[in-house]
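Participant: Residue numbers (the working numbering), protein chains in the order written: chain A, 56 to 717; chain B, 2 to 210; chain C, 418 to 664.
Since the hints were made in silico from the structure, they are not lab data. Glycine included, every Cβ here is placed at the ideal spot set by N, Cα and C. Among the hints, erroneous ones may be present.
Stated by the list, open to error - Restricting the straight-line Cα-Cα distance to at most 30 Å, the calculated cross-link-like pairs of lysine-lysine (DSSO-like) are:
| id | chain 1 | residue 1 | chain 2 | residue 2 |
| --- | --- | --- | --- | --- |
| 1 | C | Lys464 | C | Lys419 |
| 2 | A | Lys587 | C | Lys423 |
| 3 | C | Lys419 | B | Lys81 |
| 4 | A | Lys453 | A | Lys166 |
What the hints assert, rightly or not - Cβ pair distances, simulated, as ranges:
| id | chain 1 | residue 1 | chain 2 | residue 2 | range |
| --- | --- | --- | --- | --- | --- |
| 5 | A | Gly278 | C | Lys563 | 52 to 58 Å |
| 6 | B | Leu188 | A | Ser382 | 56 to 62 Å |
| 7 | A | Lys112 | C | Pro430 | 49 to 55 Å |
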Amino acid sequence: MTETLPATEAPADGLINGLYREGMPIADSVAPSGPIADRWALRQFEAKLVNPANRRKLSVIIVGTGLAGAAAGATLGEAGYQVKSFCYQDSPRRAHSIAAQGGINAAKNYKGDGDSAYRLFYDTVKGGDYRSRESNVYRLAEVSTSIIDQCVAQGVPFAREYGGMLDNRSFGGVQVSRTFYARGQTGQQLLIGAYQALERQIAAGSVQMYSRHEMLELVMVEGVARGIIARDMVTGEIETHLADAVVLATGGYGNVFYLSTNAMGCNVTANWRAHRKGAYFANPCYTQIHPTCIPVSGEYQSKLTLMSESLRNDGRIWVPKRAEDGSKDPREIPEEDRDYYLERIYPAFGNLVPRDIASRAAKNVCDEGRGVGPGGLGVYLDFADSIERLGKSAVESKYGNLFDMYQRITGENPYELPMRIYPAVHYTMGGLWVDYDLQSNIPGLFVAGEANFSDHGANRLGASALMQGLADGYFVLPNTIRNYLAEGPYPKIEENDPAVVEAREQVQQRIDHFLSVNGTRSVDSYHKALGKIMWDKCGMERSEEGLKEAIAEIRELRADFWQNVRVLGSADTINQSLEKAGRVADFIELGELMCVDALHRRESCGGHFRVESQTEDGEALRKDDEFAYVAAWESGGEDGAPILHKEDLVYEFVEMKQRSYK
Amino acid sequence: MAITGLIFVGFILAHMYGNLMIFAGEEAFDEYAEHLRELLTPMLPYGGALWILRIVLLASLVGHAYAAFALWSRAGKARKSRYAVSGVAKSLFVSKAMRWGGVALLLFLVFHILHFTTNTIQINGDFDSPAARLVSSFEVWWAVGIYTLAVLALGMHLLHGVWGAGMTLGLNTSIAAAERLRIAAVLIAVVTVVGFLLPPFAILFGIIP
Amino acid sequence: MKLTLKIWRQGGPSADGEMVTYPIEGVSEDMSFLEMLDVLNEELIAKGEEPVAFDSDCREGICGMCGLVINGQAHGPEVTTTCQLHMRSFSDGDEISIEPWRAEAFPVLKDLCVDRTSFDRIIQAGGYISANTGAAPDAAATLVPKDDADRAFMGAECIGCGACVAACPNASGMLFMGAKVTHLGELPQGQPERYARVVSMVDQHDAEGFGGCTNLGECSRACPKGIPLNVISQMNRDLQRAKLGKH
Ligand SMILES: Cc1cc2nc3c(=O)[nH]c(=O)nc-3n(C[C@H](O)[C@H](O)[C@H](O)COP(=O)(O)OP(=O)(O)OC[C@H]3O[C@@H](n4cnc5c(N)ncnc54)[C@H](O)[C@@H]3O)c2cc1C
Ligand code: HEM
Ligand code: HEM
Ligand code: SF4
Ligand code: F3S
Ligand code: FES
Numbered sequence: 056m057t058e059t060l061p062a063t064e065a066p067a068d069g070l071i072n073g074l075y076r077e078g079m080p081i082a083d084s085v086a087p088s089g090p091i092a093d094r095w096a097l098r099q100f101e102a103k104l105v106n107p108a109n110r111r112k113l114s115v116i117i118v119g120t121g122l123a124g125a126a127a128g129a130t131l132g133e134a135g136y137q138v139k140s141f142c143y144q145d146s147p148r149r150a151h152s153i154a155a156q157g158g159i160n161a162a163k164n165y166k167g168d169g170d171s172a173y174r175l176f177y178d179t180v181k182g183g184d185y186r187s188r189e190s191n192v193y194r195l196a197e198v199s200t201s202i203i204d205q206c207v208a209q210g211v212p213f214a215r216e217y218g219g220m221l222d223n224r225s226f227g228g229v230q231v232s233r234t235f236y237a238r239g240q241t242g243q244q245l246l247i248g249a250y251q252a253l254e255r256q257i258a259a260g261s262v263q264m265y266s267r268h269e270m271l272e273l274v275m276v277e278g279v280a281r282g283i284i285a286r287d288m289v290t291g292e293i294e295t296h297l298a299d300a301v302v303l304a305t306g307g308y309g310n311v312f313y314l315s316t317n318a319m320g321c322n323v324t325a326n327w328r329a330h331r332k333g334a335y336f337a338n339p340c341y342t343q344i345h346p347t348c349i350p351v352s353g354e355y356q357s358k359l360t361l362m363s364e365s366l367r368n369d370g371r372i373w374v375p376k377r378a379e380d381g382s383k384d385p386r387e388i389p390e391e392d393r394d395y396y397l398e399r400i401y402p403a404f405g406n407l408v409p410r411d412i413a414s415r416a417a418k419n420v421c422d423e424g425r426g427v428g429p430g431g432l433g434v435y436l437d438f439a440d441s442i443e444r445l446g447k448s449a450v451e452s453k454y455g456n457l458f459d460m461y462q463r464i465t466g467e468n469p470y471e472l473p474m475r476i477y478p479a480v481h482y483t484m485g486g487l488w489v490d491y492d493l494q495s496n497i498p499g500l501f502v503a504g505e506a507n508f509s510d511h512g513a514n515r516l517g518a519s520a521l522m523q524g525l526a527d528g529y530f531v532l533p534n535t536i537r538n539y540l541a542e543g544p545y546p547k548i549e550e551n552d553p554a555v556v557e558a559r560e561q562v563q564q565r566i567d568h569f570l571s572v573n574g575t576r577s578v579d580s581y582h583k584a585l586g587k588i589m590w591d592k593c594g595m596e597r598s599e600e601g602l603k604e605a606i607a608e609i610r611e612l613r614a615d616f617w618q619n620v621r622v623l624g625s626a627d628t629i630n631q632s633l634e635k636a637g638r639v640a641d642f643i644e645l646g647e648l649m650c651v652d653a654l655h656r657r658e659s660c661g662g663h664f665r666v667e668s669q670t671e672d673g674e675a676l677r678k679d680d681e682f683a684y685v686a687a688w689e690s691g692g693e694d695g696a697p698i699l700h701k702e703d704l705v706y707e708f709v710e711m712k713q714r715s716y717k
Numbered sequence: 002m003a004i005t006g007l008i009f010v011g012f013i014l015a016h017m018y019g020n021l022m023i024f025a026g027e028e029a030f031d032e033y034a035e036h037l038r039e040l041l042t043p044m045l046p047y048g049g050a051l052w053i054l055r056i057v058l059l060a061s062l063v064g065h066a067y068a069a070f071a072l073w074s075r076a077g078k079a080r081k082s083r084y085a086v087s088g089v090a091k092s093l094f095v096s097k098a099m100r101w102g103g104v105a106l107l108l109f110l111v112f113h114i115l116h117f118t119t120n121t122i123q124i125n126g127d128f129d130s131p132a133a134r135l136v137s138s139f140e141v142w143w144a145v146g147i148y149t150l151a152v153l154a155l156g157m158h159l160l161h162g163v164w165g166a167g168m169t170l171g172l173n174t175s176i177a178a179a180e181r182l183r184i185a186a187v188l189i190a191v192v193t194v195v196g197f198l199l200p201p202f203a204i205l206f207g208i209i210p
Numbered sequence: 418m419k420l421t422l423k424i425w426r427q428g429g430p431s432a433d434g435e436m437v438t439y440p441i442e443g444v445s446e447d448m449s450f451l452e453m454l455d456v457l458n459e460e461l462i463a464k465g466e467e468p469v470a471f472d473s474d475c476r477e478g479i480c481g482m483c484g485l486v487i488n489g490q491a492h493g494p495e496v497t498t499t500c501q502l503h504m505r506s507f508s509d510g511d512e513i514s515i516e517p518w519r520a521e522a523f524p525v526l527k528d529l530c531v532d533r534t535s536f537d538r539i540i541q542a543g544g545y546i547s548a549n550t551g552a553a554p555d556a557a558a559t560l561v562p563k564d565d566a567d568r569a570f571m572g573a574e575c576i577g578c579g580a581c582v583a584a585c586p587n588a589s590g591m592l593f594m595g596a597k598v599t600h601l602g603e604l605p606q607g608q609p610e611r612y613a614r615v616v617s618m619v620d621q622h623d624a625e626g627f628g629g630c631t632n633l634g635e636c637s638r639a640c641p642k643g644i645p646l647n648v649i650s651q652m653n654r655d656l657q658r659a660k661l662g663k664h
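One chain only, chain A, in its complex shape (with noise of 0.2 Å):
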């Protein structure tokens, strides 16, 4: 199946495919051109200054505490802004970041083994299977050093070794040793850094901290972004909050999918109410699966957890040959009835070979019914051998604390029996259109972390959100955005202002809404029946009947959801069904648009593997000449057809090449 589809044309009313109109390609405008190492340096020397005493008028919302936006809300606060600070948890520090194990990268080179910014530069463009921008991710590369400097100045307490030197580990299959981690929570040790930064600023008065507080629309006013529109989750009043500017920085939507490795409260709201209200959304299909999480054991669950992805390194990958073997003690399968795939199809990487492949290729033998475990989704990580190998002990020492977490949610022991595993939804590349300055389409609005498109193309190396995080936090936002502070302050507004008064208009009426439907499903019902829409259709494979499936599916979810969907309760207190209600009702928007955008993309690359783009022996098969660009979406309104704005992608310093791992 190698022969390229032809494209679709466009028909006279202007709708592709019935279903999404393109329109004016797009570019980014504010990245400087010249040598690469030089770029970020310019822009920020270009980039206006705010005198320290003006800064004290100046206005900054943040939403989200996560690595970006903790790490923003401290610096900016640090540099004077008045800041006002947003996340729905009960406390900054329990963002989702928290949540991340394995490490976070950067090229400081202390291992001596030929790394540097530029390696970093290439590794990332390419693991993102040249779908991201150079020059974001040179700039990531460049000030990835600065981050881990700036942690250890916080008190991080990264991994030592005996000589008290900064430890450095190699993850995801690259050459070097570029990973800091602290032991398996880098990212909460992060976070509480940031965090505590944040507080610091909290204390001095330069932050105001809204926690429990949940944005539900954007305030825009004569087209610029002048402010939101939240939430007090626990009295239920709606608050506006009016500023110069405003940061979303609310992390990744994988939580589309209902079952993810994400946080429960993870959502799309606040990026999903501003891309309504007009911001381009980029690249909605990429979501990355995670091979190594523990399988789905029964209709209740409500969240799936990732083991961390060392344990590739020394467990083997296989499913009985014989589907009818897959009730069987494993033990008691014979060697030779044993099918090690990934070692037999990819013999030079094995079980190592990239996130993507090793979680199709799990879900292909579980198709073929192989699978083992409850629903015959799930194939076997095996230690037996390393354990015979390098003794209990050695193993123990290792993996240690992932067994235990491991047999305390399975009450499976990992030291007798195989694990089992399964890929889960883990990130999503996708996000709001930011430019170089991470600024969106609309003026004033800015974009940081997962919540935008940024740096990771249509995949993400191990190790790299959080060096994004925190990159787009400390370093990168605070410089960009006094450029457009520099203009302010901004004309004032009023709180009866229509435009104010309209959006919080519009969130009363949902509100109202959804008390009010009494109908006679539950919110978290939809929220399942999405998930298994998109997890079945636009999840590790999409094809184009599949994704037109989910389309229709997904359209009749949407009209059922706003007339039957059944929230007790009242609006003045915490109210959790309430909360869920408007979360996934902007799930489900945008799992039409994942879809559109899944389909309109008629390649395979990265974490999207179209089936009608693939080589003759199975591997995704890029298109480079067609779909080399950032496919980011204008809203078409309450039920009008997505545009589609192409930008273009140049590569000036990397050759696109085909991924191989065979």
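Let chain A serve as the given structure and place chains B and C with the ligands on it in line with the hints.
Facilitator: What follows is chains B and C with the ligands alone, placed relative to chain A:
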């Protein structure tokens, strides 16, 4: 709290040593009691050192009890509504035991001072010699009973108290230090209980005539 | 499994609460405790009753958002977070009581949700190292002996869940605070503010209405991250040195 507690510990150990003098005979014991009062004379008047000791002890007791009641009431204010299910925690017992045990010790002290120091309560006759008072009192089984209970309460109080004092003074900063502290607490508690109980039981069973 | 749940229901911060009994059937051993409550909530919604409000986010034992007192024990019978507790720790027919953290410094907001912002204010009082962004020296400039780094890490593992306070008979927040003081105090970067930090954090702790510590050790036994009691002792030592004029 730790300071006052440790002053008590010092006193208790000294007092125990004094009591054990009874094994050296009544005269030795009386001499010792007399010696206490002559301590540091003529720099201080007769009984002066003892009075200084008493004042320090009394001040400590007031300070200790004040701190204990302050913590007690703070704990009450810090958790006004109780758990529906409680009592699973073993420390709940310890915390109650410390507080009520302390109160019990206080009551005992009043009794004890009326008994031995002021000679107001007389058990089994009236004697001038402290040693004789001691011996005659502990020939009565219920007197031994009261003292045994008091000393056991003291042991319990010290078992946790010494550990706590070490914690409060910042002596426990590693696993090994915790172990040392734990051993010290057990040792002091056991020595105190055994040391105090030897004389009364020796008397009761007629080992000391 | 079939269980009888007794759950604290409270309409709002100032409402009176009470324990309400809910029978539940068909609970699987593989469910997490919170998934069991999810199932209960779905049943309640179907019956038209308001679901039970409880906090959770990561459900991986790391964010510190969840926290229930189960049968009188903070985070339940195992040493872990509530979200990582599984139903296989219970048996068929059990009666399980479920309550919120109880401490005046953690007021109940609704049902099983409490307000733990007092912890944030303790951190605001000094639980940080002042290091302005961009002004940091190279990370390799300061070597940290591995033992110190390990001990700092141990303190840094605290997830701020508040189980220590919930379990302490005095409702004291000393373990949480000791963990932070140890984390920052063991590192060379934390030295300049070491003594000032502990004084202002302890002052804030007391002002928030937490109880005093009488060294009962229940906090450490309930701590899902196994923070040892000796961090409290370390904090006491720093506090004494601070009071003796060390800075
Ligand atoms: C299990 C797991 C392990 C991972 N491991 C690694 C790793 O080893 N290395 C790596 O580099 N990356 C890893 N990642 C990815 C990485 O953790 C995330 O991409 C990154 O932390 C995102 O940070 P963020 O600041 O963008 O957003 P988040 O940390 O997700 O923060 C989002 C913030 O926005 C707030 N928010 C969201 N919506 C609203 C709203 N509507 N109103 C108000 N506030 C809102 C939230 O309260 C929160 O404070 C992992 C991810 C997972 C799920
Ligand atoms: C009024 C009566 C008393 C009460 C209510 C009381 C209560 C307490 C309490 C609650 C503690 C624990 C404090 C902590 O761990 O921080 C304590 C400690 C202690 N008590 Fe008492 N007590 C009383 C009398 C006594 C007496 C009479 C003695 C000795 C003879 C004594 C010796 C000690 C010691 C040595 C400690 C350890 C000090 C410390 O923990 O810091 N107490 N007491
Ligand atoms: C078997 C146990 C004990 C015996 C035999 C004993 C004996 C005595 C005697 C004989 C005296 C009088 C000494 C004198 O006036 O010269 C005395 C005084 C005293 N004892 Fe004890 N005692 C015992 C236990 C305790 C305990 C457990 C405590 C404290 C908790 C205690 C605290 C005191 C005090 C405070 C005095 C008063 C000292 C003074 O002010 O003169 N004793 N004891
Ligand atoms: S010390 Fe332990 S129990 Fe207390 S908040 Fe931290 S992690 Fe939770
Ligand atoms: S249980 Fe409480 S009394 Fe102290 S040692 Fe722990 S804080
Ligand atoms: S929900 Fe995050 S620790 Fe339990």
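Participant: Give a verdict on every hint.
Facilitator: Comparing the hints with the structure gives:
Taking the CA atoms of C/Lys464 and C/Lys419, the gap is near 19 Å; set against the 30 Å cutoff, the hint holds. Between A/Lys587 and C/Lys423, the direct Cα distance comes to roughly 33 Å. Violation of the 30 Å bound is thereby established for this hinted pair. Proximity of C/Lys419 to B/Lys81 is assessed by CA-CA distance (about 33 Å); at most 30 Å being required, the pair is judged violated. At most 30 Å may separate the alpha-carbon atoms for a hinted pair to count; A/Lys453 and A/Lys166 meet this at roughly 21 Å.
Our hint of 52 to 58 Å for A/Gly278 and C/Lys563 holds, since their Cβ atoms are close to 56 Å apart. Judged by the Cβ atoms, the range 56 to 62 Å given for B/Leu188 and A/Ser382 holds: they are separated by roughly 60 Å. Separated by about 36 Å at the C-beta atoms, A/Lys112 and C/Pro430 break the suggested range of 49 to 55 Å.
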